Amino acid sequence: MRGALAILAKDLRIEWRTRESLASVFVLGVLLLVVLTVAHDPTPEAAPALVPAVLWVSFVFTGLAGVQRGFLLERENDCLAGLLSAPVDPADIYAGKLAANVVLLAVTQAVVVPLAGLFLHADLWPVLSGLLVVLLLGNVGFAALATLFTAVAARTRARETLLPLLLLPLALPLLIGAVQATAAVLAGGLAGAREAVAVLAAFDVIFAVAGWLLFAYVVRD
Amino acid sequence: MRRLLPPLVCASMLAALWLVFMAVPTEREMGIVQRIFYFHVASAWVAFLGFFLVAGASAVYLRNGARTADRLAEAAAEVGVLFCTLVLVTGPIWARPVWGVWWTWDPRLTMTVILWAIYASYLMLRAFGGEEEAVRRYAAVLGIIGVLDIPIIMVSVRLLRGIHPAVITRNEGGSGLVDPWMRAGLAVSALALVLLAGWLITLRMRAARLGEEVTALRRETLARGGEAA
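So the sequences go chain by chain: E and U. Numbering follows the numbering used here, with no gaps: position 41 of the first sequence is 41. Numbering follows the numbering used here, with no gaps: position 161 of the second sequence is 161.
It is worth saying that the hints were derived from the structure and are not from the lab. All values derive from a computational prediction rather than experimental measurement. Incorrect hints may have been included.
Said to hold, decoys possible - Residues on chain E that point at chain U, a partial pick, calculated with CB under 10 Å:
#1 Ser85
#2 Val88
#3 Leu174
#4 Ile176
#5 Ala202
Said to hold, decoys possible - Computed footprint of chain E on chain U, listed as stretches where at least three residues anywhere in the stretch have a Cβ under 8 Å from a Cβ of chain E:
#6 69-76
#7 138-149
All C-beta atoms in this analysis are idealised placements derived from N, C-alpha and C, irrespective of residue type, glycine included.
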């Protein structure tokens, strides 16, 4: 547990000092929202209905770019070897990296969500509490898989190309659940999204536990 | 066993073809095109079987590092993707005349295409990999994660029904198989395809083992050449 916290603090400190992921996440998030909105060219009345899809597609692709750096950094100067030789359980490394990714993805969402509301004329304030639940569940599920597979992709030859190939199909049920839950929340609050929220919660639990158990096999040398 | 498989595959395949094209009556509503069903559904079963085999073999490989388990996982993934592709090809051929569209985002279709993508990415990981031993472990992790995803995919695609109007959602299992010949046709096609998949998997595993032996021999020869020089 202390190991996980130390890794979380280290990753956040690195990120805060360079702000490279944050900067790219911010610009990419804005860009994707613009691209997706312009491509749809919705009428002002039809625009709010696009929020769930535009929001989550932007999140997934921005998030992919954001988490990618996390493990590439560990590759430089053999940082990972140092991390593994430290008296820290691989499961704790996973937990720390997962927490750092959740923070990074939350920042991504903090950029993407208000802008999606702004661009697509949707008033998100009244449904904010329900929306936050869905955002958090979607965030944790995506981070759980991303943390495991960035570690895999960073150590193969193909690296940047491989991560989206591995992550996107596995994350599709999460994307479906998140879009449906967001649509239901926007239409009337969390009560209507029960089934979709259950899918998200199940996804989070299954893959956080699976990642936690399997991470040792990925980083072992 | 290995000697026995090829003749068994041939015999069961001929029997399946005879049943599907000669013995089974033509379905009343869908007509002749419905005969593709016997291979379509049987392929889907074999694909699923292959994917679960990947997960099982992957778990064994992570536990004890047995090379045979790793070869089995790889072969089963390839054969699973092959049969999943057959499902995705035969499906639209059947769907077009019956539903009027090549594709619809019906839960089952969506699930099949997601599974296909997951195991195609598994094969990519193995192909693009890099250093050997590590890639085998990564692939095993992905093989396990992929099967864990299946129940969530099954539930999540049901949510899609809400927005996507399914053209017709016909329950294949319940609607078509009134005739005993039809049930026999499906059973024998399934048997034929399972045997075929088994044969392909054993061939593929053997090829992988020989490939590994060749690599080892080459490495040894190069090392000896180095000593001589």
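key: Hint validity - Leu174 of chain E Cβ closer than 10 Å to any chain U Cβ   = holds (8 Å)
inquiry  = Given a cut of 10 Å on the nearest C-beta pair, is the interface hint for Ala202 of chain E held or broken against chain U?
reply    = holds (6 Å)
Given hint Val88 of chain E near chain U, where the shortest CB pair must fall under 10 Å = violated (20 Å)
query = Does the stretch 69-76 of chain U contain three or more residues whose Cβ lies closer than 8 Å to a Cβ of chain E?
reply = violated (count 0)
task = Report holds or violated for chain E covering the stretch 138-149 of chain U, Cβ cut-off 8 Å, minimum 3 residues.
result = Since three or more residues must qualify, the claim that chain E covers the stretch 138-149 of chain U holds, with 9 doing so at under 8 Å.
Interface hint status, Ile176 of chain E versus chain U (Cβ within 10 Å) = This interface hint holds because 4 Å falls under the 10 Å limit.
query = Minimum Cβ distance from Ser85 of chain E to chain U below 10 Å?
reply = violated (17 Å)
Checked against the numbered hints given earlier, this structure breaks hints 1, 2, 6; the rest are met.
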